[in-house]
Amino acid sequence: MSDILTAAPVSFAEFPAVTTAEWQARLVRELKGRDPATLRWPLPDGFALEPFYHREALAALGGPPAPLPRPLQPWLNVPELTVPIGTDGRTQIDQAAAALTNGADGIHFIIHDIPALAVHYLAEQLPLARTFVGYTVVAAPDELLTQLVEAAPGTALRGFMRFTPGPVPEGAERADYRAALRRCVRLTTGMPDFRAVAVNGAFFGNRGATATQQIAFSLNTAAALLAELPDAETTAAEVAAALHLHIAVMPGYFLEIAKLRALRRLWATLLHGFGLPAGLHAHLRIHATTATWTQTTLDAHTNLLRHTTEAMSAVLGGADSLSVAPFDCLFADANEFSSRLARNLSVLLREEAGLGRVQDPAAGSYYLETLTDQLAQEAWALFQRMEAAGGLPAVRAQVLEEIKAVATETFRRIASGQQVIVGTNRFQNKGEQFSFHPKKLLRSADFDVTRAAYPTEVLRLATALHFERRNRKSKRAAVVLLGGDTNQVILESFLQTLQKHERPELAASHPAGTLSLLYSSAEEATLMYATPEQFQKFARFIYQIPTEKQQFIPPALLSSDLATMHDAVRVFGFQEMKVQGYTTEEVLARLQGR
1 MSDILTAAPV SFAEFPAVTT AEWQARLVRE LKGRDPATLR WPLPDGFALE
51 PFYHREALAA LGGPPAPLPR PLQPWLNVPE LTVPIGTDGR TQIDQAAAAL
101 TNGADGIHFI IHDIPALAVH YLAEQLPLAR TFVGYTVVAA PDELLTQLVE
151 AAPGTALRGF MRFTPGPVPE GAERADYRAA LRRCVRLTTG MPDFRAVAVN
201 GAFFGNRGAT ATQQIAFSLN TAAALLAELP DAETTAAEVA AALHLHIAVM
251 PGYFLEIAKL RALRRLWATL LHGFGLPAGL HAHLRIHATT ATWTQTTLDA
301 HTNLLRHTTE AMSAVLGGAD SLSVAPFDCL FADANEFSSR LARNLSVLLR
351 EEAGLGRVQD PAAGSYYLET LTDQLAQEAW ALFQRMEAAG GLPAVRAQVL
401 EEIKAVATET FRRIASGQQV IVGTNRFQNK GEQFSFHPKK LLRSADFDVT
451 RAAYPTEVLR LATALHFERR NRKSKRAAVV LLGGDTNQVI LESFLQTLQK
501 HERPELAASH PAGTLSLLYS SAEEATLMYA TPEQFQKFAR FIYQIPTEKQ
551 QFIPPALLSS DLATMHDAVR VFGFQEMKVQ GYTTEEVLAR LQGR
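Mapping of the sequence shown onto our numbering: residues 1 to 594, in sequence order.
Note that these hints are calculated values from the structure, not bench results. Please note: incorrect hints may appear among the correct ones.
[What the hints assert, rightly or not] Pairs of lysine-lysine, PhoX-like flavour, derived with a Cα cap of 20 Å: (1) Lys475 - Lys439; (2) Lys537 - Lys549; (3) Lys475 - Lys440; (4) Lys473 - Lys439.
All chains should be modelled from the sequences, with the hints used to inform the complete structure.
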């Protein structure tokens, strides 16, 4: 029809090509004398991102890299369910079955008590031949796999096994773990859709490691497994085929996309170093989770927004499966409302945003290809440095020390306001009504104290409890564990509330390695510090824990009658942390916005 316009081919041939130098010259003019270097974005990884990237950046990489291998189907939406100690898991299995009918593609069970688990009920409700099921266990992964194989004889399992033997990066940490992991590999040989051994990069990310450190230390863990697990019955190729990566994804949108892409590229390099077939790297599976490191208890609905960017980075970066945590999982029991929101986030990204329709969508981006290459180079150099020092587990203490240094700097940046956590250190809801009981939360052994926001939020919670105690004229006193070396964070946060002429000269707040504490009664509040040994003995005394009980993790909040607490603080040698010219009460009042 004559009234219908036909589309003309789009061409930009009439515009002359612009070089990087010409863009830089234009940038200098637009900045009107400012140094273009001020627009660079420095990363904790030790290098900076440029304010713009040009097609010449791809030439510097030797041409556009080939798109990374990706699965034929979009990522799997795999919610996590925790099976509490002392239960058989039937409740969680029923919840899993319901989730699978409402958008989930699989389930990841966190299991603390294998002997109690109703394995046969699991196999009945979640047919293992067609259901993707992940299992995280703290002991005996081979025993659980044996039970699963017996419960569904002749069935090729789908999913993964993750073994987390205590608060250490899993994999070849002790000789007695190796036999169990080898057995896991042998039990699942011939099951191409099941990965029996995990490389837990999330361990590093959820303790504050940089993207470079997460990649490098994950590769160090994988190298330890590839070196230690093969024996006369288990080949290196079988171990490599059984490995998969667990990665925590942070809110740094583009950086996280590049992190997952760099991991895939370096995985091929690692396997080549072990003389393994090149085709094996294409079978790598990455299971991504939203990070606990960046979650908050304050203004908790902001976690929904963090999880959205994290989930987008994960799937655009090439994750094969994804677990999105409920926004309130730090302080609330599992509930249908927040679980449904978490499950639907992944469904929305796939069904409405269509993010699963393109293979390696970041491929060809000047910025992301350059960032992927930089991360890969920096991570490989760090990986080689750790291997030259002996590799894992020999360098475990060094790895943790390097992560601690980065995390400590992050705490400082948050306290000084250089790094923003929305709702926690900026744009706070001053009238926020907590949907949880602060005292109960601080006493809970499950309260995650490893997060970036913890020092800031625990101070606010402890402060609220102190003023409540003072108003009620309570006859009890409390000591709140604010964290390791947190008094400096408190000072940094306090200084932000003062005019420059009011700011006191800062001295060392307390010796390195000590714990920061708040002593609170109706009469006073005092910031203090103590060594971990002092605090451990103090907590045992307050709760009457016998010395023969080896395993005892004190809660963040300890309370007792005023006289007992006052004497115990003195006897166990707690020292006061002083802010020149200000009492603790004044410091807390300013931080609370009073």
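Status of the hints after comparison with the structure:
1. With a C-alpha separation of about 16 Å, the suggested pair Lys475 and Lys439 falls inside the 20 Å cut-off, and the hint holds.
2. The hinted pair formed by Lys537 and Lys549 meets the criterion: a straight-line CA distance of about 12 Å does not exceed 20 Å.
3. Under the criterion of a C-alpha separation no larger than 20 Å, the hint pairing Lys475 with Lys440 is consistent with the structure, at around 19 Å.
4. Restraint check for Lys473 and Lys439: satisfied, since their Cα atoms lie roughly 17 Å apart, inside the 20 Å limit.
Hint compliance for this structure: every hint is met.
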